[in-house]
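K.L.:
Sequence:
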Amino acid sequence: MNIKSFRAAALGLACAGMLLQPVALAAPQSLPVMDVALQDNGSLVGQVTSDQGQPLAGTPVLIMQRGKEIARVSTDQHGAFAVQNLHGGVYQVASAGQQGVFRLWAPHTAPPIAHQELAFQADRVVRAQGGASTFSKFTGWVKNHPLMTGGIIAAAIAIPLAIDEVDDDSSS
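106 is the number that the working numbering gives to position 103 of the sequence shown; each next residue is one higher, with no gaps.
Treat the hints as calculated values from the structure; they're not laboratory data.
Incorrect hints may have been included.
To be verified - Simulated restraints, written as ranges between beta carbons of each label pair:
| hint | residue 1 | residue 2 | range |
| --- | --- | --- | --- |
| 1 | S77 | P163 | 46 to 54 Å |
| 2 | A60 | A13 | 57 to 65 Å |
| 3 | V93 | V48 | 17 to 25 Å |
Unchecked claim - Below, simulated SDA-like cross-link-like pairs (lysine to any residue); rule was C-alpha separation at most 20 Å, straight line:
| hint | residue 1 | residue 2 |
| --- | --- | --- |
| 4 | K7 | V104 |
| 5 | K146 | M67 |
| 6 | K146 | A159 |
| 7 | K71 | V104 |
| 8 | K7 | I162 |
| 9 | K7 | G103 |
| 10 | K146 | I162 |
| 11 | K7 | W108 |
| 12 | K146 | Q102 |
| 13 | K71 | G103 |
| 14 | K71 | S53 |
| 15 | K146 | Q68 |
| 16 | K7 | K146 |
Here the structure is a predicted model, which means the values were calculated and not measured.
The C-beta atom is built at its ideal place from N, Cα and C for all residues, glycine as well.
Kindly produce the complete structure, drawing on both the sequences and the hints.
P.N.:
And the structure:
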């Protein structure tokens with residue numbers, strides 16, 4: 004196989020890489036969905052505890068829906084929290100190094116298997132948290148935009164090869 008054939012094959016593979024979805028990168032990690040009943044006023048109640056079962060006071064709890072922050076609260080001295088005025092639907096809840104996906108049911112509509120409150124048990128307690136690092140923001144973007152990432156990588160390979168091919172043809 005000569006150099007021109009190799010370059011053409013590499014260029015073809017790079018272009019195909021731009022068009023094909025990178026399945027391994029695009030597959031989201033799925034978390035099990037847990038059913039939880041909302042209280043009468045649309046309140047989600049829960050508790051955050053340490054791995055020894057001790058309540059964690061002042062621990063932030065983040066409620067999100069479709070990637071948008073809905074509420075952020077902190078636990079009280081008993082590790083308890085409550086978020087008011089929520090509607091039925093699927094929410095992501097994160098606290099104390101844990102996260103989960105929850106199907107919240109409007110008051111008096113939850114199936115019998117639904118939990119009456121959320122319980123988070125911390126694997127570890129992070130005493131001080133800064134903002135996300137630039138690297139973690141970048142890797143998050145890459146994970147959330149697999150087609151764009153694949154296209155950028157393929158273009159970074161294909162464009163120099165195409166320019167080199169044009170230079171070789173014009174010099175012949």
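K.L.:
Mind listing which of the numbered hints don't hold for this structure, in increasing order?
P.N.:
4, 9, 10, 11, 14 and 16
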